[in-house]
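Sequence order for the protein chains is A and B. Under numbering that gives the first Met the number 0, the first residue of the first sequence carries the number 0, and numbering increases by one thereafter. Under numbering that gives the first Met the number 0, the first residue of the second sequence carries the number 0, and numbering increases by one thereafter.
Hints are computed from structural coordinates only; laboratory data are not their basis. Any given hint might turn out to be false.
Subject to a maximum C-alpha distance of 25 angstroms in a straight line, what follows is the list of computed DSS-like cross-link-like pairs (lysine-lysine) [claimed, not checked]:
(1) Lys-232(B) to Lys-222(B)
(2) Lys-31(A) to Lys-45(A)
(3) Lys-45(A) to Lys-14(B)
(4) Lys-12(B) to Lys-31(A)
(5) Lys-12(A) to Lys-45(B)
Protein chains: 2
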Amino acid sequence: MNFDELALELHKKYKGKMTTQLRDNEELTREKLSAYYTPGVAAVSKAIVENPEKLKDYTWTNNLVAVISDGSSVLGLGNIGPKASMPVMEGKALLFKHFADINSVPITLDVHTPDEIVATIKAIAPSFGAINLEDIGAPQCFEIEERLKAELDIPVFHDDQHGTAIVVLAGLINAMEVTGRELSDAKIVVSGVGAAGTAIIKLLNKYAQPRIFAVDSKGIISKNRTDLNEHKKEILKYSNISGIDGSLSDILQGADIFIGVSRAGLLTADMVETMDKDPIIFALANPTPEIMPDIAKAAGAAVVATGRSDLPNQVNNALAFPGIFRGALDNNVQQITDEHKISAAKVIAALVKNPTAIEIIPSVMDERLVPAIAKVII
Amino acid sequence: MNFDELALELHKKYKGKMTTQLRDNEELTREKLSAYYTPGVAAVSKAIVENPEKLKDYTWTNNLVAVISDGSSVLGLGNIGPKASMPVMEGKALLFKHFADINSVPITLDVHTPDEIVATIKAIAPSFGAINLEDIGAPQCFEIEERLKAELDIPVFHDDQHGTAIVVLAGLINAMEVTGRELSDAKIVVSGVGAAGTAIIKLLNKYAQPRIFAVDSKGIISKNRTDLNEHKKEILKYSNISGIDGSLSDILQGADIFIGVSRAGLLTADMVETMDKDPIIFALANPTPEIMPDIAKAAGAAVVATGRSDLPNQVNNALAFPGIFRGALDNNVQQITDEHKISAAKVIAALVKNPTAIEIIPSVMDERLVPAIAKVII
Chain A
0 MNFDELALEL HKKYKGKMTT QLRDNEELTR EKLSAYYTPG VAAVSKAIVE NPEKLKDYTW
60 TNNLVAVISD GSSVLGLGNI GPKASMPVME GKALLFKHFA DINSVPITLD VHTPDEIVAT
120 IKAIAPSFGA INLEDIGAPQ CFEIEERLKA ELDIPVFHDD QHGTAIVVLA GLINAMEVTG
180 RELSDAKIVV SGVGAAGTAI IKLLNKYAQP RIFAVDSKGI ISKNRTDLNE HKKEILKYSN
240 ISGIDGSLSD ILQGADIFIG VSRAGLLTAD MVETMDKDPI IFALANPTPE IMPDIAKAAG
300 AAVVATGRSD LPNQVNNALA FPGIFRGALD NNVQQITDEH KISAAKVIAA LVKNPTAIEI
360 IPSVMDERLV PAIAKVII
Chain B
0 MNFDELALEL HKKYKGKMTT QLRDNEELTR EKLSAYYTPG VAAVSKAIVE NPEKLKDYTW
60 TNNLVAVISD GSSVLGLGNI GPKASMPVME GKALLFKHFA DINSVPITLD VHTPDEIVAT
120 IKAIAPSFGA INLEDIGAPQ CFEIEERLKA ELDIPVFHDD QHGTAIVVLA GLINAMEVTG
180 RELSDAKIVV SGVGAAGTAI IKLLNKYAQP RIFAVDSKGI ISKNRTDLNE HKKEILKYSN
240 ISGIDGSLSD ILQGADIFIG VSRAGLLTAD MVETMDKDPI IFALANPTPE IMPDIAKAAG
300 AAVVATGRSD LPNQVNNALA FPGIFRGALD NNVQQITDEH KISAAKVIAA LVKNPTAIEI
360 IPSVMDERLV PAIAKVII
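Take the sequences, apply the hints, and build the full model.
Printed below as a string of structure tokens:
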């Protein structure tokens, strides 16, 4: 189904998606106004001067996430800038509210270097309880997130990296069960080393140290390549320990798992046929996967996941981030660690009681998700 | 009445004052999710890429004001920084919603130089439909506002300056009628040349070119003083054309109007007695005025206004800013000009049908205010 027309119609009808409301929905008397604003509010400010921790008791920051993007790497749209990316960030704010009852403010930035982005986010950080970085291009996204995590006292989470990695790990845990494999024994090929691919590689390495091979448009990332930037060199810490060179089709031979976060149609039926028996295919390019599930299955794939809501096994960040932030805000967690991510992935996987080839991942509408994940973000 | 206890109680009970909501309050089906977020939202982003004006049709920015402060000059609290100023800014967001149905996000900044503040606000500006600067100290506030007005394509309005100036002008228009004066003939003494005092002087000059004398803690601002910074030198363009030196009590002799935006108890009964017959006193220091109304009246004052809600004639910015921003957003106004401010002041004054000594300013609860002001911001 094409959602373009419905999207334009709904956005026009409501003139956007979000609004603000007062928490106190009883009558706002003149007396209350004098308590919510001057002169009474001064007592609240003084209490925070004395104890900055009181910020969370007295202001909306206790349940507030900023969704921040510079619009440099949006969906399938690329670098569309701050204005055109606003509907996407406001959409993310809608998801935060809908799935986790978290208030969220979309902030799109008209600056684009890591220094400027870090400086801006640090400057506005006291206004929020947590920060969700969104649709910021690689490799800048890595430096930006790392610096902010080191310098701020609230959680900073780049969802394109970690949300995707968590849901991929959840799906793989169940796909392992369906195909009778152990992740630690698996040979995994990851196609695409942008934000998502990099985070997937790091999290899988942390979880089970499988044999991972990363592939970009020039072939396998290996220590013999002379064209690697710093970010790709870092990936060598977690992948291709043996130093193999070659193409995607070379390295796919005998592989157990293909994870694509790259581009439409990259994976052919021929390539799937050269993989290990009953291979697992996560073809996550959006909106068109690296290979369509029916083609992959005909070529022998045992389990196929995509990013699409109209196909089985949708790898959707919305399975993870609402619960992650719900837990971080409720439990006063300042850093989302790898352990948190792995715990969240296990929780998501466990919500599928009897995994099958067409059900390794719960539905995004599953209301158990947010409370179950939030409980392990401690 | 002391509102401290009620303020602490309400802020704690509701854990802050504001929340976000979806505009669409019907059931959020899976289909709608695919229209509000990926994949459907891409069509909305593309429409904005093609025509950036569509931002207002499709996103919440059409009804969104950022309330931005660095917390450097809050109420009577001074420089309390970004965390402790959050309750005040969130309170302002509450006023925006309550009085004008405008969505508002409080942003408190952890940067404090004009360069950093301007850079940060420019960086986040695409996320908002207008910017309300709040509680930023003088003289930095002047440079910050001027630079942002010149560089941004959305309205930027420092409410401590212009909101106060508009309401003071409105009150003076009616006080002139009550005491049978013409503003253009009046001798006016303004005590305090911070954000509010400066804006009052400029707006009164623009409106009627009365004789204005500005006074700071060292006496009358005059061309003979050697201690004036650039900002105070600029005030000489609008005041003290004749170059008089002296103290507050010197210059008050024979004055028609005293406007205090300075500090508690500065004005004595003796000084009031030296003013022109039936003088007008605007004693706006908060929470304790330059002189209490009963003392001023006993000394001969015909009309007294203060900043307090428990006394007659409250000069309250909330009379002006909700309607100003309502009009700017609805009428696509990019700059709030002096003409807008004067029109707004006239509208506010005209809402008092028969001005008297104890009613020169309408109540902040008067529901005619916002639509009447919005209509003239065109």
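Here is what the structure says about each hint:
no.	hint	result
1	Lys-232(B) to Lys-222(B)	8 angstroms, holds
2	Lys-31(A) to Lys-45(A)	18 angstroms, holds
3	Lys-45(A) to Lys-14(B)	16 angstroms, holds
4	Lys-12(B) to Lys-31(A)	13 angstroms, holds
5	Lys-12(A) to Lys-45(B)	18 angstroms, holds
Every hint, counting from the list given before, is met by this structure.
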